[in-house]
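*Asks:* Here is how the chains run, residue by residue.
Number of protein chains: 2
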Amino acid sequence: MTATESDAALAAALRDAAALIETELDVLLPLPEGEERPLVEAMRYAVLGGGKRMRGFLVIETARLFSVNITCAVRVAAAVEMLHAYSLVHDDLPAMDDDDLRRGKPSCHKAFDEATAILAGDALQTRAFEVLAEPDTHSDPEVRCELVLALAAASGARGMVGGQMIDIVSEGRQLEPPVITRLQALKTGRLIQFSAEAGAILGRAPGPQRHHIAGYGRDLGAAFQIADDILDEEGSDASLGKTAGKDAAQGKATMVAVMGIERARTHAAHLASQAAAYLDSFGAKADLLRALAAFTVNRRN
Amino acid sequence: MTATESDAALAAALRDAAALIETELDVLLPLPEGEERPLVEAMRYAVLGGGKRMRGFLVIETARLFSVNITCAVRVAAAVEMLHAYSLVHDDLPAMDDDDLRRGKPSCHKAFDEATAILAGDALQTRAFEVLAEPDTHSDPEVRCELVLALAAASGARGMVGGQMIDIVSEGRQLEPPVITRLQALKTGRLIQFSAEAGAILGRAPGPQRHHIAGYGRDLGAAFQIADDILDEEGSDASLGKTAGKDAAQGKATMVAVMGIERARTHAAHLASQAAAYLDSFGAKADLLRALAAFTVNRRN
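Residue numbers (numbering that gives the first Met the number 0), protein chains in the order written: chain A, 0 to 300; chain B, 0 to 300.
These aren't lab readings, by the way, just hints derived from the structure by calculation.
Being a predicted model, the structure only gives us computed values, none of them experimental.
A virtual CB, placed ideally from N, CA and C, is assigned to each residue, including glycine.
Heads up, a few of these hints could be off.
Only pairs whose alpha carbons sit at most 20 Å apart, straight line, appear in this in silico EDC-like list of lysine to aspartate or glutamate [said to hold, decoys possible]: (1) Lys51(B) - Asp231(B); (2) Lys109(B) - Glu113(A); (3) Lys109(A) - Glu113(B); (4) Lys104(A) - Glu40(A); (5) Lys245(B) - Glu233(B); (6) Lys245(B) - Glu170(B).
Here are some chain B residues pointing at chain A (derived, C-beta under 10 Å) [said to hold, decoys possible]: (7) Phe65; (8) Arg126; (9) Glu129; (10) Val142; (11) Ser154; (12) Ile229.
Based on the sequences and whatever the hints tell you, model everything.
*Replies:* Shown next as structure tokens:
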């Protein structure tokens, strides 16, 4: 395949995966009924109808490498997207990043109110873990427990939430590149890595293969974050669907701030090809995952 | 046993359980290391050194009915207390109940800041589910998944968080008693009921026994909430360790507001004896659980 063909194949596959995940999310989220209706509306608002579903796509594509039942993979993909949406809802709160715009729409606390947004984030986290533990996600309860444990490790105090904390305490401070790397590995990298590993967990992949998938996820996550920081620096609100230029305005420590855009771009490209190299043993079955690594550092939004 | 002897036995057992749970929490919570240190400090601040540990005690005592290994029971008790602490941290936030005092100390966002409190609550929820799924909690992964599912159902959008939402949307509105009953069953009842059922889940209790324990937990939870509302109305900040009289000041719908204190007290006593009646088949082994039901409606803080 040429680069253009592979881009087209990836775009189609991303679109198909997003449609599957959207349908599954709609089924898995509660219905807006009863006095608690605004909570459920806010949960659905935060999760449905937006996002590239890159994390969910990773679950589905890595699961395919191990011939996992697509129904199981899509459930886990939906759980990851719920977890990701919860983190965005809380991250956008006035006490956190104070962002009014998300995925081109008012952020959750703007569309509803702060209390509802806090509770919606809380309930989305709960639902994500619940979905992983449900019998429909995998026939083997050992696998379901392993998914819960891996997601908790990726998203808790030593994962995503820990990364958000470091991000906050670092505002306005000059960080060394290794600290920035750790911050970003925790804040966005761990959940992306989990998304990749989830397919290997579902497929009970042997140790070495799981190790390769984890390496792919780790380097892809690092490349993704740097590319995201470059877009934040260069992009507009309209192309990003969120407020552009905020990192610099808030004095956030990013690789772009430390290295400058051109060196950061080279570093991201290096990470993306390193990610793809982890897939060598999977042959053509991993072509879409390779295309995703390339796309991650070349995308424009 | 006389009522005084049974009160003394309960007080001693609550103290012993609280000490076991405190030690376990200290082991299960992360250590304050790295740049994310304030997050971990806030998690530990919110959970350690406070509270009657009534929910954890319920896990330990119901587990005892089914001869569950105490190590397993104490882990689940600690997980429930983490989940409970997360709900208090988020409930106290300015956008929610806006409470400066909790367990006689500044609430988490006062001792730290709002962003740290939001993240600490998030990470405590994550850790609670993680602990339930860990192999040390039970040798059978099916039981661990069942614990995750039961806690998620008790605490998510159709449980505790749903109840908090109803509580917020009802402020200043006149609610009918059945709606108040549902609000409180969700907001505090479901987690108390989970705490009781957890022992039965750990002990793989047969259906009818689990049903009895669930009934005990449900009625105990309802009695507890009414007693809590009476204390809020009558108590002082010092005796409660939190701001007294807030419910009335915020126009919260409680049974006390609807029924008046005396009728609410009678109703709570009725619920407590109904709870105790569910324990008939467990004989003397359930004496402490019976004493807890009586204490719940007679306590002064």
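*Asks:* Now tell me if each hint is right for this structure.
*Replies:* Going through the hints against the structure:
1. Lys51(B) - Asp231(B): holds, 16 Å
2. Lys109(B) - Glu113(A): holds, 18 Å
3. Lys109(A) - Glu113(B): holds, 18 Å
4. Lys104(A) - Glu40(A): holds, 15 Å
5. Lys245(B) - Glu233(B): holds, 11 Å
6. Lys245(B) - Glu170(B): Since the Cα atoms of Lys245(B) and Glu170(B) sit roughly 12 Å apart, the hinted pair holds (cutoff 20 Å).
7. Phe65: Check failed: Cβ of Phe65(B) comes no nearer than 20 Å to chain A, outside 10 Å.
8. Arg126: holds, 6 Å
9. Glu129: Interface hint status for Glu129(B): holds (4 Å vs cutoff 10 Å).
10. Val142: holds, 8 Å
11. Ser154: holds, 6 Å
12. Ile229: violated, 24 Å
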